[in-house]
Every structure is written in C-alpha cells, then in structure tokens.
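Produce the entire structure from the sequences given, and follow the hints as far as they go.
Mapping of the sequence shown onto full-length UniProt numbering: residues 1 to 245, in sequence order.
FYI, nobody ran anything at the bench for these hints, they're computed from the structure. Please read these numbers as outputs of a predicted model, since none were measured by experiment. A couple of the hints might just be wrong.
Pairwise CB distance ranges, derived in the manner of DEER restraints [as the list claims (entries may be wrong)]:
{"no.": "1", "residue 1": "236", "residue 2": "190", "range": "16 to 24 Å"}
{"no.": "2", "residue 1": "149", "residue 2": "205", "range": "23 to 31 Å"}
{"no.": "3", "residue 1": "38", "residue 2": "191", "range": "50 to 58 Å"}
{"no.": "4", "residue 1": "52", "residue 2": "140", "range": "31 to 39 Å"}
{"no.": "5", "residue 1": "232", "residue 2": "199", "range": "16 to 24 Å"}
{"no.": "6", "residue 1": "19", "residue 2": "147", "range": "50 to 58 Å"}
{"no.": "7", "residue 1": "172", "residue 2": "199", "range": "25 to 33 Å"}
{"no.": "8", "residue 1": "143", "residue 2": "19", "range": "49 to 57 Å"}
{"no.": "9", "residue 1": "143", "residue 2": "190", "range": "16 to 24 Å"}
Pairs of lysine-lysine residues, derived as BS3-like cross-links and limited to a Cα-Cα distance of at most 27 Å, are as follows [what the hints assert, rightly or not]:
{"no.": "10", "residue 1": "36", "residue 2": "84"}
{"no.": "11", "residue 1": "81", "residue 2": "26"}
{"no.": "12", "residue 1": "26", "residue 2": "36"}
{"no.": "13", "residue 1": "36", "residue 2": "81"}
Glycine residues also receive a C-beta, built at the ideal position from the N, C-alpha and C atoms.
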Amino acid sequence: MTAAALHSTEPAGPSFSIGAVLDRLKPEFPDVTISKIRFLESEGLVTPQRTASRYRQYTRSDVERLRYVLAAQRDHYLPLKVIKDQLDAIDRGLEPATPAARLPRSLMSADGPQPRDFAASTQVRMSRSEVLAQTGLSATGLAELEQFGLVSAGPGDYFDADTVLIAQTAGELLAAGLEARHLRPFRTAAERQAGVVAQMVSSSARQKDPDARERAGAAANDLAATTLRLHGQLMKAALRHELGT
1 MTAAALHSTE
11 PAGPSFSIGA
21 VLDRLKPEFP
31 DVTISKIRFL
41 ESEGLVTPQR
51 TASRYRQYTR
61 SDVERLRYVL
71 AAQRDHYLPL
81 KVIKDQLDAI
91 DRGLEPATPA
101 ARLPRSLMSA
111 DGPQPRDFAA
121 STQVRMSRSE
131 VLAQTGLSAT
141 GLAELEQFGL
151 VSAGPGDYFD
161 ADTVLIAQTA
171 GELLAAGLEA
181 RHLRPFRTAA
191 ERQAGVVAQM
201 VSSSARQKDP
211 DARERAGAAA
221 NDLAATTLRL
231 HGQLMKAALR
241 HELGT
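Structure (structure tokens):
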C-alpha cells in the first residue's frame with residue numbers, strides 16, 4: 001500500500017457496505033473483523049459516509065485507507081497515533097515518515113534549472129515544525145526569513161512546497177554566514193526577472209483561449225530557465241573577476 005494510492009485522482013466509483021469492505025480486506029488481512037473496522041472509524045482513521053438510514057458507505061479511497069492502516073500495524077507494528085499522523089501527512093501531500101513528514105522526493109532541489117522546475121508544484125502543506133525538520137533551520141532563522149520577505153506561510157500557517165525549498169536553500173546561505181537581511185536583494189532581483197518574463201508572454205497569457213494560456217505558461221517556464229542559466233554564467237564570470245582566477 002503506497003501513499004500515491006491514497007491520493008488517487010480517479011473518480012470515486014461505487015460505494016461499499018461494511019460487509020463488502022470486509023470481503024475485500026479479508027484475503028490480505030485474515031484477522032480483520034467488522035468490529036475492527038468500526039474501531040478504526042471510532043479512532044478517526046477512516047470516515048465513511050452514511051445513508052439516510054445511517055448505514056455506512058465506504059468509497060474505494062476508504063478501503064485503501066483501511067488497507068494502509070492494517071498493513072502499517074501488521075508490517076511495522078506502528079501505534080494508531082503514528083499511523084494517524086502519517087495519514088494526515090498524506091492528506092496534505094507529504095511523504096509520511098517517522099518521526100517527521102518530508103517533502104516528496106520529486107520536489108527536492110535539482111542540480112540546475114530546467115523549464116519543468118518552474119511548473120506548479122505538487123500541492124503540499126507543511127506545518128511550521130515540519131518545515132524546521134525538513135530544512136534544518138532554527139525557529140529564529142525561519143522567523144527572520146519571514147521578517148525579510150523571503151518566505152511566508154499561507155492559510156492555516158502552512159507552507160507550500162516552493163516556499164519550503166526557498167527556506168531550505170536560504171538556510172544553506174545562513175549556515176555559510178550570511179544574514180537574512182543580506183538575502184533581500186535576491187528576492188528583489190527574482191521579482192524583477194519574473195516581471196520581465198511575464199511581460200514577454202503577457203499578450204498570450206491574457207487570451208481567453210486555454211491553449212494560448214497554456215503555451216504562454218510553457219514559454220514563461222523556458223524563459224525563466226534561460227534567465228537563470230544566464231544569471232549563473234554572469235555570476236561565474238563576476239567571481240572570476242573578483243577573485244582574479
């Protein structure tokens with residue numbers, strides 16, 4: 001049972017009675033009972049819908065959720081509280097882990113900018129404590145990045161994937177001796193470059209045709225990647241000049 005299966009975007013499909021759910025789980029988990037399924041519901045690990053007559057109705061997602069819980073208990077001997085925390089992480093787009101949830105591997109920083117790196121990231125919501133665990137920042141360091149406008153939390157005080165990666169990268173510079181206030185020019189430069197790129201594709205982006213807007217987004221990603229490659233080459237040349245190498 002994988003986290004991806006719990007995040008399926010396929011249609012929900014038919015619903016199942018608790019007896020039908022038991023029949024689906026029994027081959028893999030012979031010890032499961034209707035009482036066990038009801039207990040997991042009482043603990044908040046699955047929330048089936050109810051018919052007008054108050055009968056439980058389970059979706060395919062509910063069945064996969066139960067399969068995840070039962071496998072975690074059987075194969076890893078995890079307590080329900082830990083499993084519930086893992087499910088909460090999955091619900092927020094994270095990779096479940098113990099002791100802390102992490103960003104999906106696909107969202108970790110790449111070696112160099114490519115157009116695909118500028119596409120919208122997978123929907124992720126990380127709590128403040130999870131960001132600290134992911135990035136290695138101190139609470140003070142994260143607060144300073146927020147103070148100087150490098151990162152900001154969204155609704156519910158959660159951070160999205162792009163913001164977490166900014167914090168992680170900025171944290172490496174803080175560890176090297178820079179202060180958060182020294183990073184403000186990076187933000188300003190990024191905003192100016194983004195403005196230039198947006199201006200170049202603005203006519204297509206404003207069209208009502210969805211295909212035209214999609215092409216504008218793809219063109220913006222290509223231009224952004226090219227802009228950062230130019231920035232990297234200019235930085236390299238400037239460093240050679242400064243250091244006399």
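For each hint, the structure was consulted:
| no. | hint | result |
| --- | --- | --- |
| 1 | 236 / 190: 16 to 24 Å | 19 Å, holds |
| 2 | 149 / 205: 23 to 31 Å | 25 Å, holds |
| 3 | 38 / 191: 50 to 58 Å | 54 Å, holds |
| 4 | 52 / 140: 31 to 39 Å | 54 Å, violated |
| 5 | 232 / 199: 16 to 24 Å | 22 Å, holds |
| 6 | 19 / 147: 50 to 58 Å | 57 Å, holds |
| 7 | 172 / 199: 25 to 33 Å | 31 Å, holds |
| 8 | 143 / 19: 49 to 57 Å | 53 Å, holds |
| 9 | 143 / 190: 16 to 24 Å | 21 Å, holds |
| 10 | 36 / 84 | 16 Å, holds |
| 11 | 81 / 26 | 24 Å, holds |
| 12 | 26 / 36 | 12 Å, holds |
| 13 | 36 / 81 | 16 Å, holds |
In the structure shown, a violation is registered for the earlier hint numbered 4 alone.
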